[in-house]
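With chain A's structure known, arrange chain B on it following the hints.
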Amino acid sequence: MIEAKNVTKRYGTTLVVDDVSLRLPVGGITSIIGPNGAGKSTLLSMISRVLPMSSGNVLVDGLDVVTTPGDVLAKRLAILRQDNHLTSRLTVRELVTFGRYPHSKGRPTVKDQEHVERAIQHMGLEALSARFLDELSGGQRQRAFVAMVLCQDTDYVLLDEPLNGLDLKHAVSMMKQLRTAADTLGKSFVLVLHDLNFASCYSDHLIAMRDGKVAFQGRSEDIMRPDVLRAVYDLEIAIQQINGDWIATHYR
Amino acid sequence: MKRFVAAAVVIVLLALVSLFIGVGNVSWNSLFSPSPDERALQVLVISRIPRLLAVILVGMSLGVAGLLMQMLARNRFVEPATAGTAESASLGMLTATVLAPQLPVLGKMLVASGFALAGTALFLLILKRIPLRSVLVVPLVGLVLAGVIDSVTTFFAYRFDLLQSVNAWTTGDFSTVLRGRYELLWVTLGLTCCAYVAADRFTVAGMGESFTTNLGMRYSRIVALGLVIVSMVTAMVVVTVGMIPFLGLIVPNVVSLFMGDNARRSIPWVAVCGAGFVLVCDVIGRVVRFPYEIPGATIAGVMGSVLFLYLLLRRDARVG
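Those sequence lines, one after another, are chains A and B. Each residue of the first sequence is one higher than the one before, counting from 18 in my numbering. Each residue of the second sequence is one higher than the one before, counting from 449 in my numbering.
Check each hint, because a few of them may be wrong.
Which chain A residues stay away from chain B? Per the calculated CB distances, all over 12 Å, these [claimed, not checked]: (1) Asn-23; (2) Leu-107; (3) Glu-131; (4) Glu-178; (5) Asn-181; (6) Asp-184; (7) Ala-198; (8) His-211; (9) Leu-252; (10) Glu-253; (11) Ile-259.
Going by beta-carbon spacing under 8 Å, a handful of chain A positions derived as facing chain B [claimed, not checked]: (12) Gly-87; (13) Ala-95; (14) Leu-103; (15) Thr-104; (16) Arg-106; (17) Thr-108; (18) Phe-115; (19) Tyr-118; (20) Gly-235.
These are calculated hints, taken from the structure and not from any lab test. Don't be surprised by glycine CBs; every beta carbon is placed ideally from N, CA and C.
Isolated chain A, as found in the complex (with noise of 0.2 Å):
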């Protein structure tokens, strides 16, 4: 379980994050929603100990982020976060191969090699694999980077906007390789996503934020209803449920 505990996140006198206080509920998947500076990327950035808190603690598994040593914790908890512009040269294999680091430590052994071709399958990335990443599409270098932090095969799984730049189908597949992932094999996700329909179609669990503090929680009926969203998003969003799923029509 992930449990956070008054993390709060200050910039000079700007509070982005607001003594926030949760407890992610281990497997399935967990959606954080919001307006934009609501905060989500920058608590799953402390959650993740990529950025350092102002104050607060958080404990995965019992074991504080910021105390347990670093590569303990890169076998428990993955993380990929928004902004992944890489300047280095690296093909898809091998940037897929990094993400069994923590396991091999630079010796990939025979089965660090299936979770590197499970991975690449998984997001569909066979034909560009020997691929350098600076020569593909936005929407296939996002894809290569969930591969690596999936071939990382870590209990928690955080990804901040991972549907960002894919098209239609493989924003879909990816929705569906996570849920499997979820229901087979036990993981859990917390994903920052700004596709209020896709987070209630697959979410087991949201997270709603507002100016740096959780608004709402709870599942998809709890959320996707006018009242919440109009709160959360100072927007008219009118809900309908559409073959048992929340769906949002917020375009006009």
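Coordinates of chain B only, in the frame set by chain A:
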């Protein structure tokens, strides 16, 4: 692998040829005839072979140092000669020469390494504080910092009448290499091997701090290791033969074009191509005005700037 062997063979052949180029008459016959020419043998052992070894060691280590710099700064356009490292090492040498002239070369080299370390760390610190890190701002910051440090060095060198020494440190020239005056450079081979052993860490660090943290490594430790390697290599080169411009810039960039940036694969290539680049520069410098010599650094400057322009324009074309 085949290509690598081929490249290595070419370099070895070129190295053998270079042994027979120079004012003193050293030829195959004079060495391997039944009654070998003592003088030719001496020239070979005291001057030509040490010179060749110095060329190869400098080429390998400076090339790899350039690669490390580029990964630490996450920018393709920096190298020890344009980011203040070499200038700091010169300032360190000057300080040691003025304040502790009796210090042995090894001691001076350590002082120069310390200065190089501080200068490069300062460069990385400035980069961390600059909000907008455009690709071209990074090398410009390096050039400005290098210029500031260099002007301090020049001022004091002028006051203490040491401008000539400073010139020797900043302009790489292999003509002064003799047996007994280059052996410090063997340490650079050890440092290059260190870089190879830690290659995966440097590749990961090149992907950025959060990638590194995510994979369970301490970014600051990798940066510290890289800084030590880069500073010591630069200081040793500055102390023994003087800086070679563009080497650390051109060679890793060319290798990156066809090999990519996985350091485990690219470091051997950078080492071999770096040695080849310096060797070619040194040989050209020896033959172009025979029997006089042009310093290898000057040739490297000319060849390097042409190659660099080519890379720059090519890269822009691809980005656009």
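Verification of the hints:
no.	hint	result
1	Asn-23	holds (22 Å)
2	Leu-107	violated (6 Å)
3	Glu-131	holds (19 Å)
4	Glu-178	holds (14 Å)
5	Asn-181	holds (16 Å)
6	Asp-184	holds (23 Å)
7	Ala-198	holds (18 Å)
8	His-211	holds (20 Å)
9	Leu-252	holds (32 Å)
10	Glu-253	holds (37 Å)
11	Ile-259	holds (37 Å)
12	Gly-87	holds (4 Å)
13	Ala-95	holds (6 Å)
14	Leu-103	holds (6 Å)
15	Thr-104	holds (5 Å)
16	Arg-106	holds (4 Å)
17	Thr-108	holds (6 Å)
18	Phe-115	holds (6 Å)
19	Tyr-118	holds (5 Å)
20	Gly-235	violated (29 Å)
When held up to the earlier numbered hints, the structure conflicts with 2, 20 and fits the remainder.
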